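Engineer: Just so you know, the protein sequences line up as chains P and E, in that order. Going by this note's numbering, the letters in the first sequence line up with residues 1 to 212, in that order. Going by this note's numbering, the letters in the second sequence line up with residues 1001 to 1469, in that order.
Honestly, the hints are just simulated from the structure, not real lab data. Nothing here was measured: the structure is a model prediction, and the numbers come from that model. Do not rely on the hints blindly, as some may be mistaken.
[What the hints assert, rightly or not] Some chain P residues judged to face chain E by a derived CB distance under 10 Å, without partners named:
#1 Glu53
#2 Arg61
#3 Phe67
#4 Asp101
#5 Ala144
#6 Ala166
#7 Phe167
#8 Phe169
#9 Glu185
#10 Ile196
All residues carry an ideal CB built from backbone N, CA and C; glycine is no exception.
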Amino acid sequence: MEKFHSCKGLVAPLDRANIDTDAIIPKQFLKSIKRSGFGQNLFDEWRYLDHGEPGMSSGQRKLNPDFILNLPRYRGAQILLARANFGCGSSREHAPWALQDYGFRAIIAPSFADIFFNNCFKIGLLPIVLDAKNVDQLFREVQAEEGYCVVVSLEDQSVTTPGGEAFLFEVDPFRKHSLLNGLDEIGLTLQHVGEIKAFEEKHRAAQPWLFA
Amino acid sequence: MQTLYDKLWQSHVVHEESDKPDDMALLYIDRHLVHEVTSPQAFEGLKLAGRRPWRLDSILAVADHNVPTTGRSRGIRDPISRLQVETLDQNCEELGITEFRMNDLRQGIVHVIGPEQGATLPGMTVVCGDSHTSTHGAFACLAFGIGTSEVEHVLATQCLLLKKAKAMQILVEGELGHGITSKDIALAIIGKIGTAGGTGYAIEFAGGAIRALSMEGRMTLCNMAIEAGARAGMVAADDITIEYLSGRPFAPKGDLWEKAVTYWRTLKSDEGASFDKVISLDAAQVKPQVTWGTSPEMVTTIDGKVPDPSQIADVVKRHDMERALKYMGLAPNTPISEIRPDKVFIGSCTNARIEDLRISAEVVKGRHIAANIKLALVVPGSGLVKYQAEQEGLDKIFREAGFEWREPGCSMCLAMNDDRLAPGERCASTSNRNFEGRQGQGGRTHLVSPAMAAAAAVAGHFVDVREIY
Ligand code: SF4
């Protein structure tokens, strides 16, 4: 997993609630058996005017000039600003993979769907929940000011605006620790092998039919 | 006093960092269902790290998302889909994982075959790299979808690191009207609490109307729990649960069965157990539901109208509604009964079990699909559902009515195979998501129950199934 300490990045505003995983990465791209390369198809149906299929080279395709990420001022954005319930829908980790591969390091929204939120931490993409009114303020400022960057610090659990205002966010201490250090969660769990085996024995004795 | 969720959680905790309820815990996983789309990278990761699956007998694999629903003997035409399915076959063969291959009679949608095989049992923790894993909660188990990193984590350790959710009870009392099904309950609930209403909660469905549902009906309801934002949905175990499981291939037999049943009967919330949130619904008031927008919460009743964004004060909401109506090609205030689908899809892990096919067949029996319906598809949830339906003659009823009778799989629920909507096409669908592009780029989905989909097919427009059935 990629480490995350802090990041100063350009913010791109995607002003929609309930952005679902089918929109983030349409299903035809889920046929890949690889973990990388999804960035060029991030928001494919909104980003391009033609219908995308795996294997098409994105350089040859017609961009939708109205889609926010295609505006020159948001090129190279590292922070995505969105509305409530971001990432609803499927469990596909391809959605966070695509966001990360595109270049996003953090996503700010008033709320996220559970599975998506969880998946982000597994790969070192930071989902940040801020109050709806703070998100509103960020939307206003980003839209008003070209080149609007914020500083995200995981250590301090804060998002700092160019005006110096800092919004604090919550993060589970374990997840924070894993992200700061880029830890391998499987390796961590395997430190509990003894406990897992002991549990398994007890479980087998109580419900032997589960092990038939 | 404990809720069902408390019991399921506590009986699987392997390790806790502390006794603070907000801390993460390591939970043991009893059943791991695997399909072709979200597993290849997990198997690859496992291999790269030099690890092996912890417990092979906990895993059951099947390909469902990419499989064709016609001409199966010719294999999969799309080379990218084929490679994904072959990768699953190969991984399962190499590691010794039980897999139902594409031409096995037992193949089907992962959430249909788990219960059908008795591989989903009360008291279990069940995971799968698929959000609709919540379906299995109908069997009083803790079942939820996970991402690919977690699939690898479960393969390697048989455990998952989790944070306990809050508990919500949805109490549905009273009797459902004729022609109204659990799909209507599910959509009515989502209409009421919204697609984020259940975020952060595990939902237990309870009350007289839920106890009266068959296992199929309960699965439909738990399947849709994720569309309400909840990772898990569940129903207490009772006689209906136990009777459903009796004799299934993976279910315990003989003495073990007796022992298991004794335990399963304890899998319900204790009287007086407290929930963080309780929501009530009167089943008698539930009418047939039809979605009009691009999120399952954009739903109304068959006698309703497409809403008018100009009446909405909240700017973000109004904007979303306008966008949805534009995408759906619908004018505000259009009566739902005047909406005319081009295609009808009866299938998916929400509604492709035998009971769903029976009620749809009853509605279409002796009738024919309307002239404006370009394609009406029935895609059974599994090979065994298909077989049983054929034994009951349902395939004939559908065929005579002008439906196509297909091979099992996810099909047009998400259109990863060849079954899909063309841009602008409108579909009455028994699936679970009406997101933009879900059933094909530019396709317009209206979510309904199987009975309502069948009724729309024969009428050529949405119609209250109670008027014709
Ligand atoms: S039927 Fe649809 S919702 Fe169910 S597992 Fe398949 S694609 Fe997912």
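Engineer: If you check each hint against the structure, which ones fail?
Structural biologist: 2, 3, 4, 5, 6, 7, 8
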